[in-house]
Amino acid sequence: MVALRYLTALIMAGVLASGAGTALAEPAPAGDTVGQESAASILAAARFSNGGFEYPSIQDGTVQPYSAGQTLGPWVVTGNGVDLKREPYWETAEGVQSVDLNANGPGGVSQTFETIPGLTYTVFYRLAGNPAPDRLPVVKTGQILADGQQVATFTFDITGRTREDMGYVQRAAMFVANGSTTELSFVSTTPGDAGPVIDDVRVSSCSCSG
Numbered sequence: 008m009v010a011l012r013y014l015t016a017l018i019m020a021g022v023l024a025s026g027a028g029t030a031l032a033e034p035a036p037a038g039d040t041v042g043q044e045s046a047a048s049i050l051a052a053a054r055f056s057n058g059g060f061e062y063p064s065i066q067d068g069t070v071q072p073y074s075a076g077q078t079l080g081p082w083v084v085t086g087n088g089v090d091l092k093r094e095p096y097w098e099t100a101e102g103v104q105s106v107d108l109n110a111n112g113p114g115g116v117s118q119t120f121e122t123i124p125g126l127t128y129t130v131f132y133r134l135a136g137n138p139a140p141d142r143l144p145v146v147k148t149g150q151i152l153a154d155g156q157q158v159a160t161f162t163f164d165i166t167g168r169t170r171e172d173m174g175y176v177q178r179a180a181m182f183v184a185n186g187s188t189t190e191l192s193f194v195s196t197t198p199g200d201a202g203p204v205i206d207d208v209r210v211s212s213c214s215c216s217g
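Note that this note's numbering has the sequence shown beginning at 8, numbered continuously upward.
Watch out, some of these pointers could steer you wrong.
[As the list claims (entries may be wrong)] Using C-beta positions, here's what the derived DEER-type ranges look like:
1) 183 to 143: 32 to 40 Å
2) 124 to 199: 33 to 41 Å
3) 187 to 166: 41 to 49 Å
4) 155 to 112: 13 to 21 Å
5) 66 to 185: 19 to 27 Å
6) 172 to 75: 30 to 38 Å
7) 77 to 188: 15 to 23 Å
Keep in mind that the hints were calculated from the coordinates and are not lab data. Using N, Cα and C, we set each Cβ at its ideal position, and we do this for glycine too.
With the sequences and hints as input, model every part of the structure.
Next comes the structure, spelled out in structure tokens:
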């Protein structure tokens, strides 16, 4: 009970965050206790981390390719690899780094984190696209998967966009957890070496806005 009261204090103070990718949670109800389920769901969301792709940290203004099987903190790279890019190479949505989901071809990133079976989770993220004008197609596409099952698709048109004005938009997707852990994946379906760009990924066990 003491631990739950301490968790409540932390939540009210706003310190339950997951680095660059903050885990959102509803405020704890007034009183001395927090229900076991709500406390567990808040902790599960808090275990998701590095949603802003801030580590590993790379040199300013550079591009660092990562191949399938390599890691970006808790993220595992899949497919044809991804490119981690740091300002001022191009504008980011949050922090100083973001990920192009295409390196040598369509790639992706996956992170497994603790969830509560049967609970609905919302994934908030910022989306843009590699704006290189000579890298077709103009419309970048991808998917979000939960345990390998598609829960959302996304598209981004790079027309008129530049490295200095990426045009990030906030998007959200929802899934229901089937087990005590869930593998969340962002996967490009864009051909070529310039794909969708993601940043500021956050996971919440409520339907609150980002």
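Checked hints:
{"no.": "1", "hint": "183 to 143: 32 to 40 Å", "result": "37 Å, holds"}
{"no.": "2", "hint": "124 to 199: 33 to 41 Å", "result": "39 Å, holds"}
{"no.": "3", "hint": "187 to 166: 41 to 49 Å", "result": "43 Å, holds"}
{"no.": "4", "hint": "155 to 112: 13 to 21 Å", "result": "20 Å, holds"}
{"no.": "5", "hint": "66 to 185: 19 to 27 Å", "result": "40 Å, violated"}
{"no.": "6", "hint": "172 to 75: 30 to 38 Å", "result": "31 Å, holds"}
{"no.": "7", "hint": "77 to 188: 15 to 23 Å", "result": "21 Å, holds"}
In summary, the one numbered hint that this structure violates is 5.
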